[in-house]
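Undergrad: Next come the chains, spelled out residue by residue.
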Amino acid sequence: MSELRFTEDHEWLRIEADGSVTVGITAFAQNALGDVVFVQLPELQHYEKGAEAATVESVKAASGVYMPLDGEVLESNPELTDSPELVNEDPLGAGWFFRFQPTDASAVAKLLDQDAYDRLIKANA
Amino acid sequence: MSTESLKQTPLHALHLQLGARMVPFAGYDMPVQYPLGVMKEHQHTREQAGLFDVSHMGQIRLVGAGAAKALEALVPVDIVDLPVGMQRYAMFTNESGGILDDLMVANLGNDELFLVVNAACKDQDLAHLQKHLGHLCEVQPLFEERALLALQGPAAVSVLARLAPEVTKMTFMQFAAVRLLGVDCYVSRSGYTGEDGFEISVPAASAESLARSLLAETEVEAIGLGARDSLRLEAGLCLYGHDMNAQTTPVEASLLWAISKVRRADGARAGGFPGAETVFAQQQQGVPRKRVGLLPQERTPVREGAEIVDQDGSVIGSVCSGGFGPTLAGPLAMGYVDSAHAALDSEVWAIVRGKRVPLKVSKMPFVPQRYYRG
Numbered sequence: 001m002s003e004l005r006f007t008e009d010h011e012w013l014r015i016e017a018d019g020s021v022t023v024g025i026t027a028f029a030q031n032a033l034g035d036v037v038f039v040q041l042p043e044l045q046h047y048e049k050g051a052e053a054a055t056v057e058s059v060k061a062a063s064g065v066y067m068p069l070d071g072e073v074l075e076s077n078p079e080l081t082d083s084p085e086l087v088n089e090d091p092l093g094a095g096w097f098f099r100f101q102p103t104d105a106s107a108v109a110k111l112l113d114q115d116a117y118d119r120l121i122k123a124n125a
Numbered sequence: 001m002s003t004e005s006l007k008q009t010p011l012h013a014l015h016l017q018l019g020a021r022m023v024p025f026a027g028y029d030m031p032v033q034y035p036l037g038v039m040k041e042h043q044h045t046r047e048q049a050g051l052f053d054v055s056h057m058g059q060i061r062l063v064g065a066g067a068a069k070a071l072e073a074l075v076p077v078d079i080v081d082l083p084v085g086m087q088r089y090a091m092f093t094n095e096s097g098g099i100l101d102d103l104m105v106a107n108l109g110n111d112e113l114f115l116v117v118n119a120a121c122k123d124q125d126l127a128h129l130q131k132h133l134g135h136l137c138e139v140q141p142l143f144e145e146r147a148l149l150a151l152q153g154p155a156a157v158s159v160l161a162r163l164a165p166e167v168t169k170m171t172f173m174q175f176a177a178v179r180l181l182g183v184d185c186y187v188s189r190s191g192y193t194g195e196d197g198f199e200i201s202v203p204a205a206s207a208e209s210l211a212r213s214l215l216a217e218t219e220v221e222a223i224g225l226g227a228r229d230s231l232r233l234e235a236g237l238c239l240y241g242h243d244m245n246a247q248t249t250p251v252e253a254s255l256l257w258a259i260s261k262v263r264r265a266d267g268a269r270a271g272g273f274p275g276a277e278t279v280f281a282q283q284q285q286g287v288p289r290k291r292v293g294l295l296p297q298e299r300t301p302v303r304e305g306a307e308i309v310d311q312d313g314s315v316i317g318s319v320c321s322g323g324f325g326p327t328l329a330g331p332l333a334m335g336y337v338d339s340a341h342a343a344l345d346s347e348v349w350a351i352v353r354g355k356r357v358p359l360k361v362s363k364m365p366f367v368p369q370r371y372y373r374g
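Here the protein sequences come in this chain order: A and B. FYI, the numbering for the first sequence is 1 to 125, going by UniProt numbering. FYI, the numbering for the second sequence is 1 to 374, going by UniProt numbering.
Source of the hints: derived by calculation from the structure; they are not laboratory data. Every residue, glycine too, gets a C-beta built ideally from N, C-alpha and C.
Covered by chain A, according to a simulated footprint, are these stretches of chain B (three or more residues, beta-carbon under 8 Å): (1) 30 to 39; (2) 295 to 304; (3) 323 to 329.
Please construct the entire structure, taking both the sequences and the accompanying hints into account.
TA: As structure tokens, this is what we get:
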């Protein structure tokens, strides 16, 4: 199922066929950050929900990318090391950050759906 | 600070119309970037021409036969012999030799000096000038009266020459009264990007029409404070309040070049500025720490405030400005380090999110300056 879920920190999550979850930042988030020049990717290890798993740096500032749920990071996007601009160019695709195995697989469905996230952005605007 | 209490420059409506992202800066609501984005704005300035609104900065006129001599008592710079039509970089020092602000001083002739000071310091600078110079010359703040535009980049001269052909004859740091679109302006061939270019002081009421005319030229894009910062950092230029402050002297800030020969310990008009003894003693004996350029040896940007450590992990300094240089295509920084580690090519480390990032002490500017010297 490729329906996206979202966090209030402007991350998107997609459940893959094998039950793992891919994470990136939303189009809204990359636009707010501006030109991304560096991404520090997570270690392949367990992180608790809310931990700063990755860092994304624009020309001006560094921002955390937080672990959306408890889980084990399985893989990070190696392309971002040399091409951090992918986060701006294709935030929902080639600009993904990492893939993790959530400790509680059912927790993903409880995150914001597209409608709820769109309302959040509107409220922030 | 709420948006309502922020001041606006005469170009505020234009920024909004251009789609700028506005941020509070030094008490003003200022454009940090336009839809082009910081990276492209930076590159556009280096390749063609960028227009910056720097009207938040303080413009002050000093008038009177004693103005130059009086100002010399506050800065370690030769003002008395500053030729008419020339501009010079200076700094106000305090009794300990610390830097109260840095500024540009131009000689307009007819016993008039024209100063540009930092936005965040302008009220304090005005009070400082009135206190020490008020009885010796007229101190005229032009804060509301005039706007300041910067047109920077290799195409700046051809663009501005369409309005005033005589600007092509100006060289770096020259200053002239120039009529632009029928309005009396002051133009200096200088800036804060490391590129050739101009700063234009224009009456507030005419600022928007001048800015619109310049933006209508195909080479010109509006550039925000984000790119202004990355451009000046690549050029190795200091930002007051970050790269120097009232606790750092010109010697520590590696600004010794800005102290005029005649004002140095062995000069014809030695000293006579606040903190001269301290500055001279430091010049002779050295300083415990100084400002250096730093190049991260990895892609990780190293930001202001990051601790700098030596091989053993002992703290030897901190980063004062840092980020990513779009022209350099990599991270870059400036920092204060113990003088023992200040030699070129010294290896030091910054602590970023708990990890060590290797840095090399590097010469500045990071990107060659391209001033027009004739």
